[in-house]
Amino acid sequence: MRIAAESTSYRLPFIAAGLTAAAWIVDQRLALLIAVWLLAWGVNAVLSRSGAPWARVAVPVIFGLTLLGLWEMAVRLYEVSPIILPAPSAIGAAFAANTEILWADFVQTILRGALVGYVLGCGIAVLVALAIDRSAFLQRGLLPVGDFIAALPIVGTAPIFVMWFGFGPGSKIAVVVAMVFFPMLVNAVQGLKASDPMQRDLMHTYAASPWQSLIKLRLPTALPFLFNGLKICTTLALIGAIVAEFFGSPTVGMGFRIKIEVGRLAMDMVWAEITVAALAGSGFYGLMAMLERRLTFWHPSQRR
Amino acid sequence: MKQLTMMGAALLASGGMAMADGHADEVNLQLQWVTQAQFAGYYVALENGYYDEEGLAVNILPGGPDIAPPQVLAGGGADVMLNWMPSALAARERGLPVVNIAQPFVRSGLMLTCWADTGITEPADLAGHTVAHWFFGNEYPFLSWMSQLGIGVEGGEDGVTLLQAGFNVDPLLQRQADCMSTMTYNEYWQVIDAGVTPEELVTFRYEEQGVATLEDGIWALEENLEDPDFVDKMARFVRASMRGWAWAAENPDEAAMIVLDYDETGAQTEEHQLRMMGEIALLVEGGDGRLDEAAYQRTVDTLLAGGSDPVISEAPEGAFTHAVTDLALGE
Numbered sequence: 001m002r003i004a005a006e007s008t009s010y011r012l013p014f015i016a017a018g019l020t021a022a023a024w025i026v027d028q029r030l031a032l033l034i035a036v037w038l039l040a041w042g043v044n045a046v047l048s049r050s051g052a053p054w055a056r057v058a059v060p061v062i063f064g065l066t067l068l069g070l071w072e073m074a075v076r077l078y079e080v081s082p083i084i085l086p087a088p089s090a091i092g093a094a095f096a097a098n099t100e101i102l103w104a105d106f107v108q109t110i111l112r113g114a115l116v117g118y119v120l121g122c123g124i125a126v127l128v129a130l131a132i133d134r135s136a137f138l139q140r141g142l143l144p145v146g147d148f149i150a151a152l153p154i155v156g157t158a159p160i161f162v163m164w165f166g167f168g169p170g171s172k173i174a175v176v177v178a179m180v181f182f183p184m185l186v187n188a189v190q191g192l193k194a195s196d197p198m199q200r201d202l203m204h205t206y207a208a209s210p211w212q213s214l215i216k217l218r219l220p221t222a223l224p225f226l227f228n229g230l231k232i233c234t235t236l237a238l239i240g241a242i243v244a245e246f247f248g249s250p251t252v253g254m255g256f257r258i259k260i261e262v263g264r265l266a267m268d269m270v271w272a273e274i275t276v277a278a279l280a281g282s283g284f285y286g287l288m289a290m291l292e293r294r295l296t297f298w299h300p301s302q303r304r
Numbered sequence: 001m002k003q004l005t006m007m008g009a010a011l012l013a014s015g016g017m018a019m020a021d022g023h024a025d026e027v028n029l030q031l032q033w034v035t036q037a038q039f040a041g042y043y044v045a046l047e048n049g050y051y052d053e054e055g056l057a058v059n060i061l062p063g064g065p066d067i068a069p070p071q072v073l074a075g076g077g078a079d080v081m082l083n084w085m086p087s088a089l090a091a092r093e094r095g096l097p098v099v100n101i102a103q104p105f106v107r108s109g110l111m112l113t114c115w116a117d118t119g120i121t122e123p124a125d126l127a128g129h130t131v132a133h134w135f136f137g138n139e140y141p142f143l144s145w146m147s148q149l150g151i152g153v154e155g156g157e158d159g160v161t162l163l164q165a166g167f168n169v170d171p172l173l174q175r176q177a178d179c180m181s182t183m184t185y186n187e188y189w190q191v192i193d194a195g196v197t198p199e200e201l202v203t204f205r206y207e208e209q210g211v212a213t214l215e216d217g218i219w220a221l222e223e224n225l226e227d228p229d230f231v232d233k234m235a236r237f238v239r240a241s242m243r244g245w246a247w248a249a250e251n252p253d254e255a256a257m258i259v260l261d262y263d264e265t266g267a268q269t270e271e272h273q274l275r276m277m278g279e280i281a282l283l284v285e286g287g288d289g290r291l292d293e294a295a296y297q298r299t300v301d302t303l304l305a306g307g308s309d310p311v312i313s314e315a316p317e318g319a320f321t322h323a324v325t326d327l328a329l330g331e
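If you're matching them up, the sequences are chains A and B in order. If you're matching positions, the first sequence starts at 1 in the working numbering and goes up one per residue. If you're matching positions, the second sequence starts at 1 in the working numbering and goes up one per residue.
In case anyone wonders, no lab produced these hints; they're calculated from the structure. Hints may be right or wrong, so weigh each one.
Partial pick of chain A residues on the chain B-facing surface, computed with a CB cut under 10 Å [said to hold, decoys possible]:
1) S48
2) R49
3) P82
4) I84
5) T99
6) T157
7) P159
8) G248
9) D268
Built from N, CA and C at the ideal position, the CB exists for glycine as well.
Model the full assembly from the supplied sequences, consistent with the hints where possible.
Here it is, written out as structure tokens:
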């Protein structure tokens, strides 16, 4: 078995060379792209087999850099119009030249819009989940309402919220709250049911009050579910805050910037904002994942 | 790239030959907004067979709030587009070489509509008020105007607070803004239709403020215009379109009805389109399709003066050609 695997691995470079040569006949630029791709793949394959401790970091980094490199090469080799797809270097230059604008947009959209809406929406959802948990009546009434809110399309709610709450962050917060409320609610309600009857009976025999049993048993067992909701909602909050700005905004914000820069075909700036959104989204998600690891270390899913 | 152009040329040549057999040359026209009387000339030319007579099969592609015609042109989705000059020149500076081949609209329909009870009587009064404007390339004349008046757009006592509004007049009606950008032929009448009387409003026409920029020009890609067959096709297109405009200006009521027939969304109403056609006729009046170079220069000057973040940083070169209109209308 091992011999077979090794003999295939010896054959791989030849297959790669053959593929590149074939592509060379069709289109030399394509061959170049394929060659770079195969080379990087080969390096990663060797690295991941070597088992070196730093390979865990190096492999994804090389993968990402290869993608960027291929993007840059493809745009240059095929002379793609910057209006269709700017090169990563052009996006980087736009990013570096406009850090002040990007920061102001980040503060307006992420900190004043998405983050506030996220905290409010998730907070309200957890409180409602606690209320639902106490009463089967509320469960029958409120869950469908939450479902209804979640089903409202953002292109319908955003202009209405702009009329209700103004052009500023207020309307963006409202959109985010409407977007994150339901996923958080469903997860929280499910989480509060996660403790099993034996554990609840045990709390009962200890004569624990409902409050004590909530704090010491049911909230901790609900944590994995709560974090699922919190993680899903990070990206929803970002999308909501950015898209809501399309329907009315002051002259600052990521969605506003994307809209006007598309209008003047400055796609490098649009991609710079997309980069900010991607970084903010990954950072936000990463923060939640880190918190989850700290707080739910006891859960089987966190075992290393 | 070379191969592509060669293929394009070959296709065009075969298209020219095909026409001799009775087949029409295809032209895809990208509008910059939804089907409405603003584009009556083109729909009239289509309906009355003016394009057919020129051997053209014209496909009119309606636009919308999130369709940027230059991007459609760049992506190959259209051969020719209608565009406001600020947006087209911005695209040109950004590396999409579009060229104005004809200019049916000789006047701008853009104006600022304010509530009279805010005490605004002249442009200088705008300081300290809130203005809702469309963006997406429509904001440049306003920014340039404010820059000429020395009024900032960052808010505060001496500046205007600028809001990016959607394409409806709610911000004005809800009084979230004291003033709002409107078109003489469209949004102004939406305000009136909402029960506001003209006496309650103060309007400033950009045309009268000296910051008007050319609207609704016909633009094509520079590389295509190197091909004489394409220029000939465009000349026939412009000639037929201007015939359509002339007919629409003479028969505004019938023209509005033709537009209504082509409105696939069914969103437009007869009353609104009739009124719009009347206003549009004023904007095309006196034009024969040739670009007025003085108006072009005024547009460029306005854009270059566009405040701290001008839409174009230097005067464009080769952004228009008379070749098509000369061929279409005769010297």
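Evaluated hints:
1. Proximity of A:S48 to chain B is violated relative to the hint, the smallest CB-CB distance being about 39 Å (cut-off 10 Å).
2. Taking 10 Å as the C-beta contact cut-off toward chain B, the hint placing A:R49 at the interface is violated, the least distance being around 42 Å.
3. This hint holds: A:P82 has a C-beta 5 Å from the nearest C-beta of chain B, less than the 10 Å allowed.
4. The restraint placing A:I84 at the interface with chain B holds, with a minimum CB-CB distance near 6 Å, inside the 10 Å limit.
5. For A:T99, the suggested interface contact is broken, since its CB lies about 16 Å from the closest CB of chain B, more than 10 Å.
6. For the restraint placing A:T157 at the interface with chain B, the shortest Cβ-Cβ distance is roughly 13 Å, beyond the 10 Å limit, so the hint is violated.
7. Interface restraint check: A:P159 against chain B, minimum CB-CB distance 6 Å, threshold 10 Å, status holds.
8. The beta carbon of A:G248 is positioned within 10 Å of a beta carbon in chain B (closest approach about 6 Å), and the interface hint is therefore held.
9. Proximity of A:D268 to chain B holds as hinted, the smallest CB-CB distance being about 9 Å (cut-off 10 Å).
Consistency with the previously given hints fails for numbers 1, 2, 5, 6, ordered from lowest to highest.
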